[in-house]
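Trainee: Listed in order, the protein sequences are those of chains X and S. According to numbering that gives the first Met the number 0, the first sequence is numbered sequentially starting from 0. According to numbering that gives the first Met the number 0, the second sequence is numbered sequentially starting from 0.
Heads up, a few of these hints could be off.
Copies of one chain are not kept apart here, so a pair can be met inside one copy or by any two copies together.
Straight-line Cα separation of at most 27 Å, DSS-like style, residue types lysine-lysine; simulated pairs [claimed, not checked]:
hint, residue 1, residue 2
1, 406, 88
2, 92, 406
3, 222, 376
4, 85, 31
Just so you know, these hints were derived from the structure itself, not from any lab. In this text the structure is predicted, and so the values were computed from the model without any measurement.
2 protein chains.
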Amino acid sequence: MELEGKVLVAQGGGPTAVINQSLVGVVLESRKFPQITQVYGAEFGVDGIVNENFLDLTQETTHNLERVSGTVSSALLSTRTKPDAKFCKEIFKVLQAHEIRYFFYIGGNDSADTVRIVNKEAELSDYKFRAIHIPKTIDNDLPINDHTPGYGSAARFVAQAFIGANLDNRSLPGVYIGVVMGRNVGFLTAASSVSQKYPDDGPHLIYLPERPFVMENFLNDVKQVYERYGRCIVAVSEGIRDQDNQPIITKLVDRVECDAHGNMQLSGSGALGDLLADYVKKNLKISRVRSDTFGYLQRSFVGCVSRVDQQEAREVGERAAQIAIWHDLDGSITIHRTGNYSVDYRLSRLDDVAAKTRRMPDNFINEQGNNVTTDFKNYVMPLIGDGIETAHRLRAPKVAKILNPGK
Amino acid sequence: MELEGKVLVAQGGGPTAVINQSLVGVVLESRKFPQITQVYGAEFGVDGIVNENFLDLTQETTHNLERVSGTVSSALLSTRTKPDAKFCKEIFKVLQAHEIRYFFYIGGNDSADTVRIVNKEAELSDYKFRAIHIPKTIDNDLPINDHTPGYGSAARFVAQAFIGANLDNRSLPGVYIGVVMGRNVGFLTAASSVSQKYPDDGPHLIYLPERPFVMENFLNDVKQVYERYGRCIVAVSEGIRDQDNQPIITKLVDRVECDAHGNMQLSGSGALGDLLADYVKKNLKISRVRSDTFGYLQRSFVGCVSRVDQQEAREVGERAAQIAIWHDLDGSITIHRTGNYSVDYRLSRLDDVAAKTRRMPDNFINEQGNNVTTDFKNYVMPLIGDGIETAHRLRAPKVAKILNPGK
Numbered sequence: 000m001e002l003e004g005k006v007l008v009a010q011g012g013g014p015t016a017v018i019n020q021s022l023v024g025v026v027l028e029s030r031k032f033p034q035i036t037q038v039y040g041a042e043f044g045v046d047g048i049v050n051e052n053f054l055d056l057t058q059e060t061t062h063n064l065e066r067v068s069g070t071v072s073s074a075l076l077s078t079r080t081k082p083d084a085k086f087c088k089e090i091f092k093v094l095q096a097h098e099i100r101y102f103f104y105i106g107g108n109d110s111a112d113t114v115r116i117v118n119k120e121a122e123l124s125d126y127k128f129r130a131i132h133i134p135k136t137i138d139n140d141l142p143i144n145d146h147t148p149g150y151g152s153a154a155r156f157v158a159q160a161f162i163g164a165n166l167d168n169r170s171l172p173g174v175y176i177g178v179v180m181g182r183n184v185g186f187l188t189a190a191s192s193v194s195q196k197y198p199d200d201g202p203h204l205i206y207l208p209e210r211p212f213v214m215e216n217f218l219n220d221v222k223q224v225y226e227r228y229g230r231c232i233v234a235v236s237e238g239i240r241d242q243d244n245q246p247i248i249t250k251l252v253d254r255v256e257c258d259a260h261g262n263m264q265l266s267g268s269g270a271l272g273d274l275l276a277d278y279v280k281k282n283l284k285i286s287r288v289r290s291d292t293f294g295y296l297q298r299s300f301v302g303c304v305s306r307v308d309q310q311e312a313r314e315v316g317e318r319a320a321q322i323a324i325w326h327d328l329d330g331s332i333t334i335h336r337t338g339n340y341s342v343d344y345r346l347s348r349l350d351d352v353a354a355k356t357r358r359m360p361d362n363f364i365n366e367q368g369n370n371v372t373t374d375f376k377n378y379v380m381p382l383i384g385d386g387i388e389t390a391h392r393l394r395a396p397k398v399a400k401i402l403n404p405g406k
Numbered sequence: 000m001e002l003e004g005k006v007l008v009a010q011g012g013g014p015t016a017v018i019n020q021s022l023v024g025v026v027l028e029s030r031k032f033p034q035i036t037q038v039y040g041a042e043f044g045v046d047g048i049v050n051e052n053f054l055d056l057t058q059e060t061t062h063n064l065e066r067v068s069g070t071v072s073s074a075l076l077s078t079r080t081k082p083d084a085k086f087c088k089e090i091f092k093v094l095q096a097h098e099i100r101y102f103f104y105i106g107g108n109d110s111a112d113t114v115r116i117v118n119k120e121a122e123l124s125d126y127k128f129r130a131i132h133i134p135k136t137i138d139n140d141l142p143i144n145d146h147t148p149g150y151g152s153a154a155r156f157v158a159q160a161f162i163g164a165n166l167d168n169r170s171l172p173g174v175y176i177g178v179v180m181g182r183n184v185g186f187l188t189a190a191s192s193v194s195q196k197y198p199d200d201g202p203h204l205i206y207l208p209e210r211p212f213v214m215e216n217f218l219n220d221v222k223q224v225y226e227r228y229g230r231c232i233v234a235v236s237e238g239i240r241d242q243d244n245q246p247i248i249t250k251l252v253d254r255v256e257c258d259a260h261g262n263m264q265l266s267g268s269g270a271l272g273d274l275l276a277d278y279v280k281k282n283l284k285i286s287r288v289r290s291d292t293f294g295y296l297q298r299s300f301v302g303c304v305s306r307v308d309q310q311e312a313r314e315v316g317e318r319a320a321q322i323a324i325w326h327d328l329d330g331s332i333t334i335h336r337t338g339n340y341s342v343d344y345r346l347s348r349l350d351d352v353a354a355k356t357r358r359m360p361d362n363f364i365n366e367q368g369n370n371v372t373t374d375f376k377n378y379v380m381p382l383i384g385d386g387i388e389t390a391h392r393l394r395a396p397k398v399a400k401i402l403n404p405g406k
């Protein structure tokens with residue numbers, strides 16, 4: 000028994016390098032089904048739905064869709080709005096008015112929650128309707144999933160950034176602190192570990208929100224590395240917290256703002272990196288201490304996309320359409336690792352994904368809480384994709400000194 | 000009459016993505032000449048010379064040299080030391096002791112000056128010696144040159160960063176300020192203009208050190224763009240100055256440090272971006288204002304290299320070796336544009352390049368001083384290399400509203 004009607008697709012939350020792959024996966028797959036009368040796209044996520052800002056993607060050429068799929072950031076534009084029950088009722092009203100029978104929302108755990116509530120709304124109204132959440136997040140914090148589309152490409156950016164930062168710092172030694180996105184989870188910061196090739200390569204220290212950040216211990220760690228190598232590279236999550244679970248950034252409390260979700264703004268400012276750099280400079284008397292805050296570059300940098308990530312993002316979109324339209328089911332598409340390296344896509348319950356956060360498991364973090372383990376490196380390597388250029392060093396022998404032979 | 004002896008090559012100043020191409024160009028080309036007994040590389044630039052920290056690059060495999068040439072940042076390591084006359088005497092003493100007859104220094108205008116002084120020293124001592132400066136700078140500020148190796152790849156990073164930042168900001172609108180390296184010249188910041196594809200694409204405003212930065216005008220510019228597009232992307236050089244020629248960063252004077260050259264530290268801190276973002280936020284009451292400071296990422300990001308830049312960096316190294324060893328001449332290798340797009344390498348006088356700075360010509364900057372001209376875009380396009388992915392947008396028609404048909 001086929002459910003005839005329209006498809007609606009939308010994108011929510013922060014954009015990623017591959018989120019349009021999922022969008023195009025939904026659109027192209029949906030257009031193959033005869034019972035789908037039209038495929039709409041809502042602009043600016045749920046805001047566009049309540050305002051009926053729909054594009055008729057049935058009229059979009061396949062060629063252009065393919066080119067859009069290769070473009071970073073959300074082609075349908077996005078929103079930070081997290082709908083409450085009332086807002087979800089509004090959404091549902093619009094969906095009904097437009098005879099939308101299939102709704103696909105590409106986003107993180109907040110988007111999964113929206114899908115969950117709208118779906119409940121439809122059940123209560125006895126409106127025949129299928130809604131599926133399609134995973135997307137650079138933070139990699141969705142439960143059940145082995146990883147989420149968007150993470151691999153952002154991780155690739157972070158890895159490439161630290162390969163370069165390490166070489167740069169090697170040529171002009173000092174302390175370098177790279178601040179990476181990650182409000183509650185350290186997966187993205189941890190990806191910096193991939194850049195270590197030679198034994199003395201940085202990052203030498205990696206600090207994650209999963210472990211308390213103690214300023215004194217940090218100082219001591221940096222001191223030890225600096226004494227050993229004459230330089231030190233640090234990767235740190237923007238969301239690091241102290242022993243009382245207070246974000247370190249609140250030490251600069253006058254400059255912090257909050258969004259509609261009550262989340263503190265951590266990106267789009269170099270404040271945390273500057274705070275840590277100043278702290279090292281003052282206390283260790285090291286003259287060359289620098290910090291870079293990778294900011295928005297890491298989630299939508301053109302030309303830094305993991306091929307694996309791209310393919311998986313496309314497939315979760317396609318699978319969502321197949322599962323809703325063919326199999327007549329609701330839920331959240333989840334990614335499961337089955338081999339080294341292979342994955343399966345499954346349908347999970349929205350209740351298990353919605354509004355929940357997955358953090359890095361203990362076996363991914365070293366005992367001192369200032370680096371990652373080999374387990375993590377094995378986990379992340381396949382996700383960042385192939386073709387990253389690694390560093391090569393000169394290996395020529397030293398020449399004997401003539402003027403100061405003893406030195 | 001062939002001058003038999005050793006070659007010494009060194010790298011100075013900030014690293015670039017292609018500086019090892021020049022190094023390897025010198026080494027491989029020098030090794031072809033029978034009168035060259037050995038090819039040395041000094042570690043950490045001029046510091047390594049006075050300390051006799053030499054590697055015997057004659058013993059380096061060609062295969063590894065080729066791989067090093069494709070690695071970003073200075074493989075011979077670098078220095079910020081700017082030698083004075085006394086230091087140059089020390090350099091010369093070491094060169095003489097090791098019977099070095101050919102000296103190649105890859106660097107900016109300070110490095111050219113070092114070559115100039117050491118060369119004078121050799122002339123005074125009647126020591127048969129050839130010294131050549133090989134251009135390198137991401138700032139693109141060497142006189143006589145059409146452009147310098149290192150600039151194209153850094154410009155490519157900036158262009159790619161702004162393509163992504165523009166798409167990101169389009170999906171979650173607000174004001175975005177990207178702070179780009181460039182102490183005295185705006186060439187690198189200006190490269191952000193390449194990222195404009197659609198007429199409403201950012202950066203909408205570009206501020207360069209070549210024009211005074213007036214805070215009130217900046218505010219007014221942002222306001223106008225924001226009113227027109229509902230968002231605004233700004234590219235700004237770290238070295239922007241006010242009408243009294245004071246760097247804007249000095250408004251945060253307690254946090255600024257200076258290097259050995261007396262240059263203020265502008266990179267490695269997000270302070271300027273935060274200052275500008277706070278200023279916009281407070282005065283225009285726009286809630287979403289973000290700044291990213293590209294920092295060290297832009298000069299040594301792996302996988303973001305302009306092919307043209309790579310090739311030219313290799314050739315200036317090769318040409319330097321040929322000119323010194325074959326033609327028995329001193330000077331600075333300079334790049335001259337001869338067609339669209341083709342270049343010639345010439346030998347220029349060290350006096351004309353050393354310790355001098357070239358700024359952006361007037362025809363590259365618009366009248367209001369807040370953007371670049373088409374002349375500049377034509378200039379920079381060939382330098383960033385091919386293969387940058389451009390953005391593609393959905394072009395599907397809007398769907399008629401049902402619940403609020405008038406809106």
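Trainee: A separate judgement is required for each hint: does it hold in the structure or not?
Mentor: The hints, checked one at a time:
1. 406 x 88: Cα proximity of residue 406 and residue 88: across copies only (20 Å, versus 78 Å in one copy).
2. 92 x 406: Classified as between; 17 Å across copies, 81 Å inside a copy.
3. 222 x 376: Result: close within a single copy only, 25 Å intra versus 46 Å inter.
4. 85 x 31: neither (34 Å within a copy, 78 Å between copies)
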